[in-house]
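Work the whole structure out from these sequences, hints included.
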Amino acid sequence: MKVRVDIRKTLRSHGREFKLDASFEAEHDSTVVFGPSGSGKSLTMQCIAGLVKPDEGHIQIGERVLFDSSSGIDLRPQLRNVGFVFQDYALFPHLTVEKNIDFGLHGAVTDSGDAAVRVQQFLVLFELEPLAHSYPRNLSGGQRQRVALARALIRQPDLLLLDEPLSALDPLLRDRVRRELTDMQLRFKIPMLVITHDPADVEALAENLVVFDHGRVTRVLNLKHSGEDATGLTRPQVLDRTLAELYPADAS
Amino acid sequence: MFGQALVPLVLTLKVAGFATLIALLTGALCAFLLARYSFWGSDVLDAICTLPMVMPPTVLGYYLIVVIGRRGWIGGWLYENLGINLMFTWQGAVLASAVVAFPLVFKSARAAFEGVDTQLENAARTLGSSELRVFARVTLPLAWRGILAGTMLAFARGMGEFGATLMVAGNIPGRTQTLSLAVYDAVQAGQDDLANFLVLVTSIVCVLILVASGKLFKPAY
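Chains A and B supply the protein sequences, listed in that same order.
When you line the first sequence up against this note's numbering, it's residues 1 to 252, in that order.
When you line the second sequence up against this note's numbering, it's residues 1 to 221, in that order.
Any given hint might turn out to be false.
[To be verified] Which residues of chain B face chain A? A few of them, derived with a C-beta cut under 8 Å, are:
{"#": "1", "residue": "Leu120"}
{"#": "2", "residue": "Ala123"}
{"#": "3", "residue": "Thr126"}
{"#": "4", "residue": "Ser129"}
{"#": "5", "residue": "Pro141"}
[Stated by the list, open to error] Okay, the calculated beta carbon distance ranges per label pair:
{"#": "6", "chain 1": "B", "residue 1": "Val211", "chain 2": "A", "residue 2": "Gln121", "range": "29 to 35 Å"}
{"#": "7", "chain 1": "A", "residue 1": "Asp74", "chain 2": "B", "residue 2": "Asn81", "range": "42 to 48 Å"}
{"#": "8", "chain 1": "B", "residue 1": "Ile204", "chain 2": "A", "residue 2": "Val124", "range": "53 to 59 Å"}
{"#": "9", "chain 1": "A", "residue 1": "Arg8", "chain 2": "B", "residue 2": "Val59", "range": "48 to 54 Å"}
{"#": "10", "chain 1": "B", "residue 1": "Arg36", "chain 2": "A", "residue 2": "Val117", "range": "34 to 40 Å"}
{"#": "11", "chain 1": "A", "residue 1": "Asp21", "chain 2": "B", "residue 2": "Pro141", "range": "36 to 42 Å"}
{"#": "12", "chain 1": "A", "residue 1": "Ser167", "chain 2": "B", "residue 2": "Val54", "range": "54 to 60 Å"}
{"#": "13", "chain 1": "B", "residue 1": "Lys14", "chain 2": "A", "residue 2": "Asp114", "range": "55 to 61 Å"}
{"#": "14", "chain 1": "B", "residue 1": "Leu33", "chain 2": "A", "residue 2": "Glu63", "range": "36 to 42 Å"}
{"#": "15", "chain 1": "B", "residue 1": "Trp77", "chain 2": "A", "residue 2": "Thr10", "range": "55 to 61 Å"}
{"#": "16", "chain 1": "A", "residue 1": "His28", "chain 2": "B", "residue 2": "Pro141", "range": "35 to 41 Å"}
{"#": "17", "chain 1": "A", "residue 1": "Gln156", "chain 2": "B", "residue 2": "Ala136", "range": "22 to 28 Å"}
{"#": "18", "chain 1": "A", "residue 1": "Thr10", "chain 2": "B", "residue 2": "Arg36", "range": "20 to 26 Å"}
{"#": "19", "chain 1": "B", "residue 1": "Leu13", "chain 2": "A", "residue 2": "Glu129", "range": "49 to 55 Å"}
Please keep in mind that the hints were generated in silico from the structure rather than gathered at the bench.
Note that CB positions come from ideal geometry on N, CA and C, so glycine has one too.
Put into structure tokens, the structure is as follows:
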């Protein structure tokens, strides 16, 4: 499903001003949003989810318009059907793993019937069954991440947003979780937008690559087929080149 | 002596109970609004909500007389239209205690609401929860301990209320004479046994409340 984002937003705090002017289209199911911290990646995600209102612009998933300032459309986050996995996972500390996963099913109509059965399926699928009655504070980083993912995916969102999903994990675990993420992607076929500033994530996950810098999208690359973009460079080469331009000091 | 102590004790619990209820509802509401929304004059409103904590109770009592007295802004209207008079009644004492206890609920509740990570509320929103459900299932469950702790402090404060109550409700034995007023009377009249007993009862109840609220102020998660 195609995701179209074209938004502008100015933030002011303590006399400093940040201007976001992000415009990109993501055709493929796995899009990596890449760029240094403070470049507007998270803000863009929050705008897509409806948690922050852009000053102007347009956001669309497939045929569904979520935001359009010219026609006054601004769907509430509750109605956008966009899943969000937060950087620190934002699990509800007062609810068990089971209740966390179940949280989004209340009041939502699910076509597969009984919510309890569905929660059970997801517990099994994400290998969380033995932890069903544990509280988030007793889980490891990887387990927390799986709960956050299960909680978002059980609602069958049209789009899944992941804000640095691997940054809270220790490096040894990252590889495994990255693989799990691609597996889930294949299984659920839900398009996802992943924020990262880890080049390894780009390698593993990117079909589309959106590069942010200073509040602007500086590049949108298509890496899906044979890992080459239009210029004929391989995926690692594209990455190296992009990195070199973003961090000129590191490249020397 | 037990009989002499029982009447003011029951009245004190009744007054403090109703006063705490009023302070809880209004204090938590103001705290939530000020914790989540910032608007023109919100700093001033915060200061006004905290004011009863630092002002002399007699000054508060005077303000209350100006407002709810028989010729007061609200009191006058109440008396002329509904025949209600709050001065020198236990309901007046409730109002006085509620005003004095209000900042304790307000301060604790505001800290409790501000301690709830807004990211959790946002997560609930992206999971399809209405604003009401976000509050009922996320914000309130994570803040209630702090609110309850403040409420218990408010109850303890309400039990010990003296100055504002005296100004508004007077010191009428059997009608508006609460424990703290009865202690004053007992000491003035040289009834040391009664005074000792009243002081002991008040102290025990207040210590119990403080221990319980101290436990609640510790975070659970």
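Pairwise beta carbon distance, Asp21 (chain A) to Pro141 (chain B), judged against the given window 36 to 42 Å: With Cβ atoms ~40 Å apart, the hint holds.
Against chain A, with CB atoms and a cut of 8 Å, does the hint on Ala123 (chain B) hold up? With a minimum Cβ separation of about 4 Å from chain A (threshold 8 Å), the hint on Ala123 (chain B) holds.
Under 8 Å, Cβ to Cβ, is where Leu120 (chain B) needs to be relative to chain A, so tell me if that hint holds or is violated. With a closest approach of 5 Å, the Leu120 (chain B) hint holds.
Evaluate the given range 55 to 61 Å for the C-beta pair formed by Lys14 (chain B) and Asp114 (chain A). 49 Å, violated
Restraint outcome when Thr126 (chain B) is required to lie within 8 Å of chain A by C-beta distance: Thr126 (chain B) check passes; min Cβ-Cβ to chain A is 4 Å, inside 8 Å.
Check the following: the C-beta atoms of Ser167 (chain A) and Val54 (chain B) are separated by a distance inside 54 to 60 Å. With Cβ atoms ~46 Å apart, the hint is violated.
With 35 to 41 Å as the target window, see if His28 (chain A) and Pro141 (chain B) comply at their CB atoms. 40 Å, holds
Whether the CB-CB distance between Thr10 (chain A) and Arg36 (chain B) falls inside 20 to 26 Å: Between Thr10 (chain A) and Arg36 (chain B), where Cβ atoms are some 23 Å apart, the hint holds.
So does Arg36 (chain B) sit 34 to 40 Å from Val117 (chain A), Cβ to Cβ? Given a distance of about 37 Å, which is inside 34 to 40 Å, the answer is holds.
Tell me if the beta carbons of Trp77 (chain B) and Thr10 (chain A) are separated by a distance inside 55 to 61 Å. Violated, at about 49 Å.
For the hint 29 to 35 Å, verify it against the beta carbon of Val211 (chain B) and that of Gln121 (chain A). 47 Å, violated
So does Gln156 (chain A) sit 22 to 28 Å from Ala136 (chain B), Cβ to Cβ? 25 Å, holds
Comparing the model with each numbered hint stated earlier shows that hints 6, 12, 13, 15 do not hold.
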